[in-house]
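Please put together the full structure from these sequences, using the hints given.
Spelled out, the chains give:
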Amino acid sequence: MRLQDLAQRLEATLRGDGEAVVDRLAPLDAAGPGSLGFLANPKYAPLLETTEATAVLVDEAVEEAPCALLRVKNPDLAFARAASLLLPPPPSPEPGVHPAASVSPDATLAADVSVGAGAVVEPGARIGEGSVLYPHAYVGHEAEVGRACRIHPGAVLYARVVLGDRVIVHAHATVGSDGFGYAWDGARYVKIPQLGTVEIADDVEIGAGTTIDRARFGKTAVGPGTKLDNLIQIAHNVRLGSHCAFAAQVGISGSTRVGDGVRMGGQVGIAGHLTLGDGSVFSAKAGVVKDVPPGAHFTGYPARPHRQMLDEWRHLKALARLRETVRDLEKRIRDLEQGKADDPGR
Amino acid sequence: MRLQDLAQRLEATLRGDGEAVVDRLAPLDAAGPGSLGFLANPKYAPLLETTEATAVLVDEAVEEAPCALLRVKNPDLAFARAASLLLPPPPSPEPGVHPAASVSPDATLAADVSVGAGAVVEPGARIGEGSVLYPHAYVGHEAEVGRACRIHPGAVLYARVVLGDRVIVHAHATVGSDGFGYAWDGARYVKIPQLGTVEIADDVEIGAGTTIDRARFGKTAVGPGTKLDNLIQIAHNVRLGSHCAFAAQVGISGSTRVGDGVRMGGQVGIAGHLTLGDGSVFSAKAGVVKDVPPGAHFTGYPARPHRQMLDEWRHLKALARLRETVRDLEKRIRDLEQGKADDPGR
Amino acid sequence: MRLQDLAQRLEATLRGDGEAVVDRLAPLDAAGPGSLGFLANPKYAPLLETTEATAVLVDEAVEEAPCALLRVKNPDLAFARAASLLLPPPPSPEPGVHPAASVSPDATLAADVSVGAGAVVEPGARIGEGSVLYPHAYVGHEAEVGRACRIHPGAVLYARVVLGDRVIVHAHATVGSDGFGYAWDGARYVKIPQLGTVEIADDVEIGAGTTIDRARFGKTAVGPGTKLDNLIQIAHNVRLGSHCAFAAQVGISGSTRVGDGVRMGGQVGIAGHLTLGDGSVFSAKAGVVKDVPPGAHFTGYPARPHRQMLDEWRHLKALARLRETVRDLEKRIRDLEQGKADDPGR
Numbered sequence: 001m002r003l004q005d006l007a008q009r010l011e012a013t014l015r016g017d018g019e020a021v022v023d024r025l026a027p028l029d030a031a032g033p034g035s036l037g038f039l040a041n042p043k044y045a046p047l048l049e050t051t052e053a054t055a056v057l058v059d060e061a062v063e064e065a066p067c068a069l070l071r072v073k074n075p076d077l078a079f080a081r082a083a084s085l086l087l088p089p090p091p092s093p094e095p096g097v098h099p100a101a102s103v104s105p106d107a108t109l110a111a112d113v114s115v116g117a118g119a120v121v122e123p124g125a126r127i128g129e130g131s132v133l134y135p136h137a138y139v140g141h142e143a144e145v146g147r148a149c150r151i152h153p154g155a156v157l158y159a160r161v162v163l164g165d166r167v168i169v170h171a172h173a174t175v176g177s178d179g180f181g182y183a184w185d186g187a188r189y190v191k192i193p194q195l196g197t198v199e200i201a202d203d204v205e206i207g208a209g210t211t212i213d214r215a216r217f218g219k220t221a222v223g224p225g226t227k228l229d230n231l232i233q234i235a236h237n238v239r240l241g242s243h244c245a246f247a248a249q250v251g252i253s254g255s256t257r258v259g260d261g262v263r264m265g266g267q268v269g270i271a272g273h274l275t276l277g278d279g280s281v282f283s284a285k286a287g288v289v290k291d292v293p294p295g296a297h298f299t300g301y302p303a304r305p306h307r308q309m310l311d312e313w314r315h316l317k318a319l320a321r322l323r324e325t326v327r328d329l330e331k332r333i334r335d336l337e338q339g340k341a342d343d344p345g346r
Numbered sequence: 001m002r003l004q005d006l007a008q009r010l011e012a013t014l015r016g017d018g019e020a021v022v023d024r025l026a027p028l029d030a031a032g033p034g035s036l037g038f039l040a041n042p043k044y045a046p047l048l049e050t051t052e053a054t055a056v057l058v059d060e061a062v063e064e065a066p067c068a069l070l071r072v073k074n075p076d077l078a079f080a081r082a083a084s085l086l087l088p089p090p091p092s093p094e095p096g097v098h099p100a101a102s103v104s105p106d107a108t109l110a111a112d113v114s115v116g117a118g119a120v121v122e123p124g125a126r127i128g129e130g131s132v133l134y135p136h137a138y139v140g141h142e143a144e145v146g147r148a149c150r151i152h153p154g155a156v157l158y159a160r161v162v163l164g165d166r167v168i169v170h171a172h173a174t175v176g177s178d179g180f181g182y183a184w185d186g187a188r189y190v191k192i193p194q195l196g197t198v199e200i201a202d203d204v205e206i207g208a209g210t211t212i213d214r215a216r217f218g219k220t221a222v223g224p225g226t227k228l229d230n231l232i233q234i235a236h237n238v239r240l241g242s243h244c245a246f247a248a249q250v251g252i253s254g255s256t257r258v259g260d261g262v263r264m265g266g267q268v269g270i271a272g273h274l275t276l277g278d279g280s281v282f283s284a285k286a287g288v289v290k291d292v293p294p295g296a297h298f299t300g301y302p303a304r305p306h307r308q309m310l311d312e313w314r315h316l317k318a319l320a321r322l323r324e325t326v327r328d329l330e331k332r333i334r335d336l337e338q339g340k341a342d343d344p345g346r
Numbered sequence: 001m002r003l004q005d006l007a008q009r010l011e012a013t014l015r016g017d018g019e020a021v022v023d024r025l026a027p028l029d030a031a032g033p034g035s036l037g038f039l040a041n042p043k044y045a046p047l048l049e050t051t052e053a054t055a056v057l058v059d060e061a062v063e064e065a066p067c068a069l070l071r072v073k074n075p076d077l078a079f080a081r082a083a084s085l086l087l088p089p090p091p092s093p094e095p096g097v098h099p100a101a102s103v104s105p106d107a108t109l110a111a112d113v114s115v116g117a118g119a120v121v122e123p124g125a126r127i128g129e130g131s132v133l134y135p136h137a138y139v140g141h142e143a144e145v146g147r148a149c150r151i152h153p154g155a156v157l158y159a160r161v162v163l164g165d166r167v168i169v170h171a172h173a174t175v176g177s178d179g180f181g182y183a184w185d186g187a188r189y190v191k192i193p194q195l196g197t198v199e200i201a202d203d204v205e206i207g208a209g210t211t212i213d214r215a216r217f218g219k220t221a222v223g224p225g226t227k228l229d230n231l232i233q234i235a236h237n238v239r240l241g242s243h244c245a246f247a248a249q250v251g252i253s254g255s256t257r258v259g260d261g262v263r264m265g266g267q268v269g270i271a272g273h274l275t276l277g278d279g280s281v282f283s284a285k286a287g288v289v290k291d292v293p294p295g296a297h298f299t300g301y302p303a304r305p306h307r308q309m310l311d312e313w314r315h316l317k318a319l320a321r322l323r324e325t326v327r328d329l330e331k332r333i334r335d336l337e338q339g340k341a342d343d344p345g346r
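Protein chains in written order, with the numbering used here: chain Y, 1 to 346; chain R, 1 to 346; chain X, 1 to 346.
Quick caveat, the hints were computed from the structure, so don't treat them as lab data. Treat the hints with care, since some could be wrong.
Intra- or inter-copy, both count: the list cannot distinguish identical chains.
As the list claims (entries may be wrong) - Below, simulated DMTMM-like cross-link-like pairs (lysine to aspartate or glutamate); rule was C-alpha separation at most 25 angstroms, straight line:
hint, residue 1, residue 2
1, Lys290, Asp311
2, Lys219, Asp29
3, Lys191, Asp17
4, Lys219, Glu142
5, Lys331, Glu144
6, Lys73, Asp185
7, Lys191, Asp5
8, Lys43, Glu63
9, Lys73, Asp59
10, Lys219, Asp278
11, Lys219, Glu144
12, Lys43, Glu324
13, Lys191, Glu94
14, Lys331, Asp165
15, Lys331, Glu64
16, Lys290, Asp328
17, Lys191, Asp328
18, Lys191, Asp23
19, Lys317, Asp328
20, Lys191, Asp278
21, Lys290, Glu312
22, Lys43, Asp291
23, Lys317, Glu330
24, Lys73, Asp29
25, Lys317, Glu63
26, Lys290, Glu330
Structure (structure tokens):
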């Protein structure tokens with residue numbers, strides 16, 4: 001594709017030869033002639049000087065480079081679009097049911113569904129048009145999978161969970177396992193039946209190994225467009241809003257309500273029965289034990305407003321010096337106290 | 001079921017019309033006439049005013065409401081019992097071996113065992129009466145599963161692990177993977193054979209994605225009635241007592257011994273070779289590096305007795321003020337020191 | 001095997017009867033006559049007094065015991081070797097493809113490969129000589145598995161990932177799932193194609209449930225001899241050096257470069273785009289937000305050099321006392337200030 005055509009499609013400002021051609025994507029330090037490179041993180045800007053890429057997608061702030069530049073407002077977004085223009089779509093399994101799959105005759109498969117070897121679809125389950133069940137995917141009794149979903153190898157959907165359209169579930173993710181609920185009867189834990197279900201809205205992506213428990217009753221819910229990384233735990237009765245993004249190993253305890261557009265770094269933990277406001281942000285490893293207002297940025301454990309936590313850490317770092325100061329003051333006060341007695345006229 | 005009958009079965013005090021009938025369970029904010037609601041967490045008490053439930057299971061502390069009340073000592077426990085009275089038991093797969101399962105002729109299946117599509121039972125394995133292996137469950141060589149167990153889709157039991165009766169293993173849990181043990185020979189890690197096994201006692205529940213490693217030799221053991229949530233790591237040679245309850249993403253390092261009735265919040269980490277006393281409790285995200293006495297409550301990292309940790313956090317929060325105070329004292333001392341020189345008679 | 005022969009093979013100094021025979025391995029507190037016991041952790045030294053083992057492998061520091069001793073420099077290493085001498089190799093599945101496996105005719109299997117029931121090998125995949133795919137293992141399109149690998153039940157290798165020789169992948173580990181990358185277009189997250197792959201070098205071991213994401217482009221890489229415990233997250237474009245060892249539940253964020261011989265305790269988290277030097281060490285639960293130089297030991301959150309972090313914790317612990325001291329000083333200064341006014345000649 002000629003750079004001037006690509007620039008037009010990506011709404012980019014071109015600096016360089018519009019007739020030059022690129023036909024593939026490559027990282028800056030591995031790109032050769034014919035490649036379109038990519039720079040979003042300024043940390044890697046020095047690579048721009050030495051790259052052999054024919055052209056590089058960059059932020060508008062970048063003005064000059066030894067190669068052609070496609071300057072855009074949002075290089076990440078432009079890269080995503082360039083990939084769909086330059087690359088063939090990833091191979092998608094053929095529609096049809098593999099002979100080694102086990103699909104119940106009481107399940108309903110829409111047109112163009114692909115079911116891989118070893119996949120299991122239980123009675124009453126419904127799979128929407130164009131969805132792909134990779135090998136070993138499991139769709140439980142009366143579970144519903146929307147249109148154009150991709151259920152990767154070994155993903156497990158327990159009975160009666162509901163997925164919207166274009167949902168991606170990665171390998172070994174589990175949706176609908178029992179919530180962790182017991183009543184202590186004085187001698188042992190009695191299991192509290194988990195009678196509810198899980199509802200996953202459209203355009204959600206669920207990472208490898210992530211677990212989302214079914215509700216005690218009612219439902220555990222994940223809003224549209226929310227993206228969950230790997231090995232995340234979403235407990236029973238949690239409600240996540242739309243367009244949230246959580247990094248790996250986050251844990252959300254039972255019945256907590258998370259607003260829209262909430263972002264979390266890795267290994268964040270949120271206590272149960274809390275409310276996190278729309279647009280709130282949590283630094284990696286934060287541990288949250290109280291409600292958080294909309295738009296707030298919380299950090300540390302127990303989590304506090306980000307600036308306040310940074311201040312506390314700064315004070316903590318300076319504590320050794322503070323102790324010395326206090327020791328010095330003690331001595332000087334002792335001197336003053338004694339000094340007056342010994343030598344009042346000094 | 002009439003409320004007066006239900007009250008009798010649940011040992012509840014009824015306030016309201018004993019002839020009224022309920023036939024289902026529902027959350028307070030979604031309950032309609034004919035529903036039995038439920039209130040355990042006082043945080044949700046305001047919902048009691050507006051619920052349309054015919055009756056609500058409540059703690060004895062609740063005295064009045066616009067609907068009928070079934071007042072009990074332990075609402076969680078009563079709910080668990082009410083569920084078994086009002087609801088049909090969850091659908092259980094039919095006994096029998098699915099044609100797409102692979103059961104070794106050298107395995108032993110007791111009466112009424114159900115083996116789902118794609119499940120694999122290796123030679124020498126034994127499955128007890130009434131147990132269910134869901135699709136893709138894997139039972140390794142000479143592994144033993146007791147009676148009335150439920151092994152959910154994709155759960156993996158490595159060779160020779162032993163499960164008691166009524167054990168529930170959720171999707172993608174792994175029991176018996178190799179412990180993490182290597183010897184450094186000066187140039188590389190040499191794998192130390194993990195020759196032991198894992199023993200899971202009766203009535204244990206193991207959450208989705210949880211991993212329990214086999215012992216180096218001897219056994220990793222989980223005591224009766226212990227409940228493990230999702231994505232927990234139990235390392236080799238760990239011994240967990242009876243009736244423990246660990247929330248999601250807890251990690252227990254090798255050879256640690258955990259007493260009976262120990263409770264842990266989410267994302268707790270315990271170092272290796274420690275002893276945690278009976279009834280000890282750990283707040284979410286605690287990191288434990290020393291033995292803990294029975295009944296103690298530990299919090300934070302490195303974990304300290306809960307009250308002490310709260311005090312330290314309080315002091316940390318007040319540190320900015322302390323620094324100001326010290327700065328002020330410094331100034332006043334300087335004044336005193338100079339004041340004497342300048343104006344000894346002041 | 002006679003102790004004098006065993007001593008020679010293990011390069012051990014024998015203290016005791018060289019004609020005595022051992023034929024099995026056992027833990028000190030469960031060993032009987034004929035057993036070889038083992039002591040590496042001094043914490044368990046008291047068991048040496050009461051063990052019924054015929055001989056015990058010990059560190060050279062141990063001089064006397066009621067049983068025979070095989071004294072070695074590195075008891076862990078000697079134990080690993082003794083296991084291979086005394087024990088039959090663990091049962092290895094027979095070579096051949098189980099009739100319930102699904103191997104594409106377009107896949108290439110070398111000699112002596114074993115493919116278990118329900119395992120799936122996609123078109124273009126290559127499996128090296130002597131490798132074992134346990135039941136439910138999944139090898140994606142054009143993925144490559146080297147020689148003598150063991151892919152445990154349910155492990156998933158996405159399309160085009162590459163494994164070296166003697167790699168062990170435990171149950172439910174996922175290699176090659178999509179990296180977590182999205183561009184915000186002002187209204188929703190647009191998925192950034194993850195076009196790269198994962199390369200796992202020789203002699204790597206990957207724990208149960210661990211997830212390793214494919215690169216955005218280029219590759220995510222794990223160096224030779226590196227050992228990863230269970231439930232670890234390795235994000236896209238991460239590069240791990242050789243001979244690293246990470247305990248369970250560690251998380252490494254995207255594009256971070258980890259040197260050779262790096263060790264991490266459980267639940268450590270590393271931010272993205274960092275560089276960790278060769279031989280650096282991280283205490284359990286450390287949270288790392290900056291580059292770390294070679295050989296450094298970092299602890300806590302945000303992680304600091306270990307000694308410095310210990311100092312800060314010590315100061316924090318002493319903070320209550322410091323506040324009291326300051327309060328006392330305040331009072332004394334007040335006295336001094338007033339004292340001068342009241343009684344200038346005192």
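Please flag the earlier hints that this structure goes against, numbers listed from lowest up. Result: hints 3, 5, 12, 14, 15, 16, 17, 25 and 26 break, sorted rising.
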